[in-house]
Amino acid sequence: MPKLKICGLKRPIDISYCNPLAIDYVGFIVDFPKSQRSITLDTLKQLSQEVDPKIQKVGVFVNYPLDRIADLLESGIIDIAQLHGQESPADISDLQNTTGKPIWKAFAISEASDLAKAKASPADQILLDYKEAGSGKSFNWELLEDFDRPFILAGGLNATNIQAAMTQVHPAGLDLSTGVENQGYKDPDKIKEIVRMVKNV
1 MPKLKICGLK
11 RPIDISYCNP
21 LAIDYVGFIV
31 DFPKSQRSIT
41 LDTLKQLSQE
51 VDPKIQKVGV
61 FVNYPLDRIA
71 DLLESGIIDI
81 AQLHGQESPA
91 DISDLQNTTG
101 KPIWKAFAIS
111 EASDLAKAKA
121 SPADQILLDY
131 KEAGSGKSFN
141 WELLEDFDRP
151 FILAGGLNAT
161 NIQAAMTQVH
171 PAGLDLSTGV
181 ENQGYKDPDK
191 IKEIVRMVKN
201 V
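Read in order, the letters of the sequence shown correspond to residues 1 to 201 in the numbering used here.
Keep in mind the hints are simulated off the structure, nothing from the lab. Yeah, the Cβ is synthetic: ideal placement off N, Cα and C, and Gly gets one too. Among the clues, some could well be false.
As the list claims (entries may be wrong) - Taking CB as the label site, the calculated pair distances span:
#1 K34 to M197: 28 to 34 angstroms
#2 I13 to A116: 24 to 30 angstroms
#3 S75 to P12: 19 to 25 angstroms
#4 P53 to A120: 32 to 38 angstroms
#5 P12 to A120: 35 to 41 angstroms
#6 E111 to H170: 35 to 41 angstroms
#7 Q36 to H170: 28 to 34 angstroms
#8 N182 to D94: 35 to 41 angstroms
#9 N97 to K131: 28 to 34 angstroms
#10 S110 to R11: 30 to 36 angstroms
#11 D146 to R196: 20 to 26 angstroms
#12 A90 to S110: 22 to 28 angstroms
#13 S75 to K199: 17 to 23 angstroms
#14 P89 to E145: 35 to 41 angstroms
Please work from the sequences and hints to get the whole structure.
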């Protein structure tokens, strides 16, 4: 059964939707104004305290100062850092060595060579996404046919295609944001439906 991550939470009520459910990770997009789901560091600190301890908190960063990411990991504000920018393999290894915490790396997939890069990454977990993260679109899953490293699948997942995603590409995890929203806000019914489908509850 794949792990489930609900990403892009930005309000206390979003967390209250997730806390009672069989969700493994919640994601927060930190200081990235290009995203409508971006939150400030102060908001992150507040929301972090409201997450049920059984759920791991993932900070999502795009070319963010590595020392600040390390501080957030070491202080327990987040449990995992997910890097979405131009961070190098050396940057990832540095963060792993400094913090001892899991570091994830997201890769935008449009062709087979993108997968080769993802496969070689020192990250604890890789996340495979459409080239425009947060767009609600999927990349071509057929590219994953012979891909043999565990990964989290992101990009355009929702109630209509999540079953196919699980049977076709057998991801270790599923990451949803747009697919559990209604008019840009997290929708509790959509979140419940996805949990039911992924976790068979």
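**Request:** Hints the structure violates: just list their numbers, smallest first.
**Result:** 2, 6, 11, 13 and 14
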